[in-house]
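Visitor: Listed below are the residues making up each chain.
Number of protein chains: 2
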Amino acid sequence: MKHVTFSGRLVMVGCGSIGQGVLPLILRHIDLAPSRITIVNSDDRGRAVAEAMGVAYRVSPLTRENFREVLAPLLGAGDFLLNLSVDVSSVALIGFCREVGALYLDTCVEPWAGGYTDPSLSASQRSNYGLRESALALADQPGAPTALITHGANPGLVSHFVKQALLNLAADTGLAVSVPTTRAEWGALAQRLSVKVIHIAERDTQLANIPKQRDEFVNTWSVDGFVGEGCQPAELGWGTHETVWPADARRHEFGSGAAIYLERPGASTRVRTWTPLEGPFHGFLITHNESISIADYYTVKEHGTVAYRPTVHYAYHPADDAVLSIHELAGKNWEMQSRTRLMMSEIVSGMDELGVLLMGHERGAYWYGSRLTIEEARVLAPHNNATSLQVTAAVLAGVIWAMENPARGIIEPDGIDHERILEITGPYLGEVVGVYSDWTPLQDRGRLFPEPVNASEPWLFGNFRVT
Amino acid sequence: MKHVTFSGRLVMVGCGSIGQGVLPLILRHIDLAPSRITIVNSDDRGRAVAEAMGVAYRVSPLTRENFREVLAPLLGAGDFLLNLSVDVSSVALIGFCREVGALYLDTCVEPWAGGYTDPSLSASQRSNYGLRESALALADQPGAPTALITHGANPGLVSHFVKQALLNLAADTGLAVSVPTTRAEWGALAQRLSVKVIHIAERDTQLANIPKQRDEFVNTWSVDGFVGEGCQPAELGWGTHETVWPADARRHEFGSGAAIYLERPGASTRVRTWTPLEGPFHGFLITHNESISIADYYTVKEHGTVAYRPTVHYAYHPADDAVLSIHELAGKNWEMQSRTRLMMSEIVSGMDELGVLLMGHERGAYWYGSRLTIEEARVLAPHNNATSLQVTAAVLAGVIWAMENPARGIIEPDGIDHERILEITGPYLGEVVGVYSDWTPLQDRGRLFPEPVNASEPWLFGNFRVT
Numbered sequence: 009m010k011h012v013t014f015s016g017r018l019v020m021v022g023c024g025s026i027g028q029g030v031l032p033l034i035l036r037h038i039d040l041a042p043s044r045i046t047i048v049n050s051d052d053r054g055r056a057v058a059e060a061m062g063v064a065y066r067v068s069p070l071t072r073e074n075f076r077e078v079l080a081p082l083l084g085a086g087d088f089l090l091n092l093s094v095d096v097s098s099v100a101l102i103g104f105c106r107e108v109g110a111l112y113l114d115t116c117v118e119p120w121a122g123g124y125t126d127p128s129l130s131a132s133q134r135s136n137y138g139l140r141e142s143a144l145a146l147a148d149q150p151g152a153p154t155a156l157i158t159h160g161a162n163p164g165l166v167s168h169f170v171k172q173a174l175l176n177l178a179a180d181t182g183l184a185v186s187v188p189t190t191r192a193e194w195g196a197l198a199q200r201l202s203v204k205v206i207h208i209a210e211r212d213t214q215l216a217n218i219p220k221q222r223d224e225f226v227n228t229w230s231v232d233g234f235v236g237e238g239c240q241p242a243e244l245g246w247g248t249h250e251t252v253w254p255a256d257a258r259r260h261e262f263g264s265g266a267a268i269y270l271e272r273p274g275a276s277t278r279v280r281t282w283t284p285l286e287g288p289f290h291g292f293l294i295t296h297n298e299s300i301s302i303a304d305y306y307t308v309k310e311h312g313t314v315a316y317r318p319t320v321h322y323a324y325h326p327a328d329d330a331v332l333s334i335h336e337l338a339g340k341n342w343e344m345q346s347r348t349r350l351m352m353s354e355i356v357s358g359m360d361e362l363g364v365l366l367m368g369h370e371r372g373a374y375w376y377g378s379r380l381t382i383e384e385a386r387v388l389a390p391h392n393n394a395t396s397l398q399v400t401a402a403v404l405a406g407v408i409w410a411m412e413n414p415a416r417g418i419i420e421p422d423g424i425d426h427e428r429i430l431e432i433t434g435p436y437l438g439e440v441v442g443v444y445s446d447w448t449p450l451q452d453r454g455r456l457f458p459e460p461v462n463a464s465e466p467w468l469f470g471n472f473r474v475t
Numbered sequence: 009m010k011h012v013t014f015s016g017r018l019v020m021v022g023c024g025s026i027g028q029g030v031l032p033l034i035l036r037h038i039d040l041a042p043s044r045i046t047i048v049n050s051d052d053r054g055r056a057v058a059e060a061m062g063v064a065y066r067v068s069p070l071t072r073e074n075f076r077e078v079l080a081p082l083l084g085a086g087d088f089l090l091n092l093s094v095d096v097s098s099v100a101l102i103g104f105c106r107e108v109g110a111l112y113l114d115t116c117v118e119p120w121a122g123g124y125t126d127p128s129l130s131a132s133q134r135s136n137y138g139l140r141e142s143a144l145a146l147a148d149q150p151g152a153p154t155a156l157i158t159h160g161a162n163p164g165l166v167s168h169f170v171k172q173a174l175l176n177l178a179a180d181t182g183l184a185v186s187v188p189t190t191r192a193e194w195g196a197l198a199q200r201l202s203v204k205v206i207h208i209a210e211r212d213t214q215l216a217n218i219p220k221q222r223d224e225f226v227n228t229w230s231v232d233g234f235v236g237e238g239c240q241p242a243e244l245g246w247g248t249h250e251t252v253w254p255a256d257a258r259r260h261e262f263g264s265g266a267a268i269y270l271e272r273p274g275a276s277t278r279v280r281t282w283t284p285l286e287g288p289f290h291g292f293l294i295t296h297n298e299s300i301s302i303a304d305y306y307t308v309k310e311h312g313t314v315a316y317r318p319t320v321h322y323a324y325h326p327a328d329d330a331v332l333s334i335h336e337l338a339g340k341n342w343e344m345q346s347r348t349r350l351m352m353s354e355i356v357s358g359m360d361e362l363g364v365l366l367m368g369h370e371r372g373a374y375w376y377g378s379r380l381t382i383e384e385a386r387v388l389a390p391h392n393n394a395t396s397l398q399v400t401a402a403v404l405a406g407v408i409w410a411m412e413n414p415a416r417g418i419i420e421p422d423g424i425d426h427e428r429i430l431e432i433t434g435p436y437l438g439e440v441v442g443v444y445s446d447w448t449p450l451q452d453r454g455r456l457f458p459e460p461v462n463a464s465e466p467w468l469f470g471n472f473r474v475t
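Line order of the protein sequences matches chains A and B.
Counting from 1 along the first sequence, just add 8 to a position and that's the residue number in my numbering.
Counting from 1 along the second sequence, just add 8 to a position and that's the residue number in my numbering.
Just chain A, same shape as in the assembly (with noise of 0.2 Å):
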């Protein structure tokens, strides 16, 4: 079924998993003819997906000198720029958007090239909070043309999961609350449910008939873009429940204060957190932009100082073939592999359990996603795995939105409808599940040896990080 027309052109740039296994979604969902598509990538990947489906493919990466000459003559007002690439600045790409007046849509905040491992930046300045504060610096023209950032599945989808898990938790504990329609109303309602501590608790299952090899980086979902992130600091929103400052935390310098990053990479960054599939288990601590914004968008001040506010962060499982990549990468000192894999065909079995685990409230600890199989994924569209189907799903569901409201100016995924976005996701998720638990970080610790935890505060960041 078509959700929406679009009668602009629409740009995209970039064209690896995401990509490719968007555009049978936009065509499928957007009425929009493949010859008004083109798609600007830096290299030859996607050319024969784009080209079955009737889209124009030209090869031509966009550099810091080239990229105004390359999208002036396909970008106009009311047009619509579809940024699904790596290495290409997600600011400056915004900024010729709101020059042409045309609509944008990112699934994170990018730097140019070698921007998040540069060694003459600082780490603060490689982090997801610097790149989502100079993303927000161009937040100050209302009415100007939409400009989604970070709607993929996370950053994205799952911050319309955590508002869906509020709602829920509420009716569990015979809150009645009618559904908030702002900032401070959805702020209000966390902080009264004592929500202290949300992670992004994903396991990924997806298993391949093909080993991985001595020197490759082999992963579900883009290398580069998993690579990238996983050297950026370690990064989360800091909660008004935490009262032991990691000894390799710091601060930033600048912009919202929200969240706070560690003198480390997350990819070597470990955290206890639980699934209800998987159970108990150690993810990492990558840095996601979801991390900043929501414990922004939920953060409550009074008088100017702040009341409230949930620590946030991603604790991420990814395959076990990119567990070993990683293991590999940091054995090596952060030396990329020569060889990288995009697991696809190969994948025999498995699913992505990607959800929001919001914990220290009345009940616990309540897991609320997308159980999303490898089978599921086959049947429900081509050119994906269960893990770029929940991207490709929320991009989709961005893009319609963006679409629908097209003079938002720059908005994250926590401030706009997460109904609407949940409705056009719900087909391509599997089973979207709440689950209650029991579980704490402390659980079946301390057994054999001693451990430095906090029992009187079990969900203190402290106990959930692994030492």
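Accuracy of the hints is not assured; some may be wrong.
Residues from chain A that keep clear of chain B, each with C-beta distances beyond 10 Å, as calculated [stated by the list, open to error]:
#1 LYS10
#2 GLU271
#3 ALA338
Think about it this way: if two alpha-carbon atoms lie no more than 20 Å apart in a straight line, the pair counts; the simulated EDC-like pairs of lysine to aspartate or glutamate are [what the hints assert, rightly or not]:
#4 B:LYS10 <-> B:GLU431
#5 A:LYS340 <-> B:ASP446
#6 B:LYS340 <-> A:ASP446
#7 A:LYS340 <-> B:ASP452
#8 A:LYS309 <-> A:GLU250
#9 B:LYS309 <-> B:GLU250
#10 B:LYS10 <-> B:GLU412
#11 B:LYS340 <-> B:GLU431
#12 B:LYS340 <-> A:ASP452
#13 A:LYS340 <-> B:GLU459
#14 B:LYS340 <-> B:GLU271
#15 A:LYS340 <-> A:ASP126
#16 B:LYS340 <-> B:ASP126
#17 B:LYS10 <-> B:GLU427
#18 B:LYS340 <-> A:GLU459
#19 B:LYS309 <-> B:GLU412
#20 B:LYS340 <-> B:GLU224
#21 A:LYS309 <-> A:GLU193
Some but not every residue of chain A turned toward chain B, in silico, with C-beta under 8 Å [claimed, not checked]:
#22 PRO127
#23 LEU215
#24 PRO219
#25 ARG222
#26 PHE289
#27 HIS290
#28 LYS309
#29 ASP328
#30 VAL331
#31 GLU343
#32 ASP452
FYI, nobody ran anything at the bench for these hints, they're computed from the structure.
All C-beta atoms in this analysis are idealised placements derived from N, C-alpha and C, irrespective of residue type, glycine included.
Position chain B against the provided structure of chain A, taking the given hints into account.
Guide: Just chain B, lined up with the frame of chain A:
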């Protein structure tokens, strides 16, 4: 070729991967009729292999209560007890062998079932240091029947690699030495060469065409054995060049004092190390008897105080599927997976690169060891993979040495003739090589984030450790 004729009976306790793999080697290299061998095991796993070779097989799990009754009819003066089991106390069997006049060999000092993870024991009591002291306490009868303890690949073979590596290093640095014949002379040689650190540096690259499943522990050798030692405290011989005491380190209150332990499982303790084919990588500091025995053996005392000792520990990268299994096990707070799988016929490629890495001397780092591929292993012996053959060849050599030297009492690998062992094992070790390197644990550190390294002394334990 037959290395030795043995006129006694041989009882093998346990028949897992090592038992099944060593049996054809024993029959090939020891003049001993299969009818004189009896296998006593806790289950049926090795029955088919044993009976196909004409060896008697009985299922009779040994316990504190029944072991004398089971073994008494099978063992007398001049017989041999080869202990390749788990969950059977080495000290109990050694004591029994001494009483009846039988020879003995094992591949580790094993406690009775549950001894590695008994929460009622202190970490010091559960350590290999403690187990080793309990075995050495029996070493008070000169001329007692030989009981060669801890003689597999490691512990075992690697002690002989250390001696050969020291001799090679002496030759390559122009030090004219004759082969030492006493412990004091070996210690003096290591001291003179300024060997500060010895890693048992192992990278197992064997891969299978069956992916590890959730809730499954997969390994290239005994899963029970690996989980047992992986949950023991991390232990290391503590060298005289170490100036920084690790915050989680503890000394034992008894025994030689050669080693310390960390208050955490070895399976959660990573260290930087290096092998010639892998280059730098992260290995696990799993406790092993050789970490203690080598440090002890090469300790030089002057006027009653320790003047020299190297730091010695294991730095183990098991097969990738075992790395994943450890990651899963840690995520479940060391609650064992419900399924296990020993990788054998499903291995499609890879090798075990197992050696000793001597560091801090004039030439920097020197690795000496075995590179054995799965393809070579399969040609060399049935019922083996690359990992097991390095063990079984060493077990074979130890058994032969004990038969040739039947009245040496309790003895460790460091105390026996390394040339004889390397002569017997040589044909089964693939390529045996020594390689120099300028690698140090400071290489490529601190590029993206500040790291608390001690640049003035590269070879401090704190520089190796991954935190």
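Visitor: Now, for every hint given, state plainly whether the structure supports it.
Guide: Hint-by-hint comparison with the structure:
no.: 1; hint: LYS10; in the structure: holds (40 Å)
no.: 2; hint: GLU271; in the structure: violated (5 Å)
no.: 3; hint: ALA338; in the structure: violated (6 Å)
no.: 4; hint: B:LYS10 <-> B:GLU431; in the structure: holds (13 Å)
no.: 5; hint: A:LYS340 <-> B:ASP446; in the structure: holds (15 Å)
no.: 6; hint: B:LYS340 <-> A:ASP446; in the structure: holds (15 Å)
no.: 7; hint: A:LYS340 <-> B:ASP452; in the structure: holds (8 Å)
no.: 8; hint: A:LYS309 <-> A:GLU250; in the structure: holds (17 Å)
no.: 9; hint: B:LYS309 <-> B:GLU250; in the structure: holds (17 Å)
no.: 10; hint: B:LYS10 <-> B:GLU412; in the structure: holds (13 Å)
no.: 11; hint: B:LYS340 <-> B:GLU431; in the structure: violated (44 Å)
no.: 12; hint: B:LYS340 <-> A:ASP452; in the structure: holds (8 Å)
no.: 13; hint: A:LYS340 <-> B:GLU459; in the structure: holds (15 Å)
no.: 14; hint: B:LYS340 <-> B:GLU271; in the structure: holds (18 Å)
no.: 15; hint: A:LYS340 <-> A:ASP126; in the structure: holds (17 Å)
no.: 16; hint: B:LYS340 <-> B:ASP126; in the structure: holds (17 Å)
no.: 17; hint: B:LYS10 <-> B:GLU427; in the structure: holds (18 Å)
no.: 18; hint: B:LYS340 <-> A:GLU459; in the structure: holds (15 Å)
no.: 19; hint: B:LYS309 <-> B:GLU412; in the structure: violated (32 Å)
no.: 20; hint: B:LYS340 <-> B:GLU224; in the structure: holds (12 Å)
no.: 21; hint: A:LYS309 <-> A:GLU193; in the structure: holds (12 Å)
no.: 22; hint: PRO127; in the structure: holds (6 Å)
no.: 23; hint: LEU215; in the structure: holds (4 Å)
no.: 24; hint: PRO219; in the structure: holds (4 Å)
no.: 25; hint: ARG222; in the structure: holds (6 Å)
no.: 26; hint: PHE289; in the structure: holds (4 Å)
no.: 27; hint: HIS290; in the structure: holds (4 Å)
no.: 28; hint: LYS309; in the structure: violated (32 Å)
no.: 29; hint: ASP328; in the structure: holds (5 Å)
no.: 30; hint: VAL331; in the structure: holds (6 Å)
no.: 31; hint: GLU343; in the structure: holds (7 Å)
no.: 32; hint: ASP452; in the structure: holds (4 Å)
When the structure is compared with the earlier hints, violations turn up for hints 2, 3, 11, 19 and 28 and for no others.
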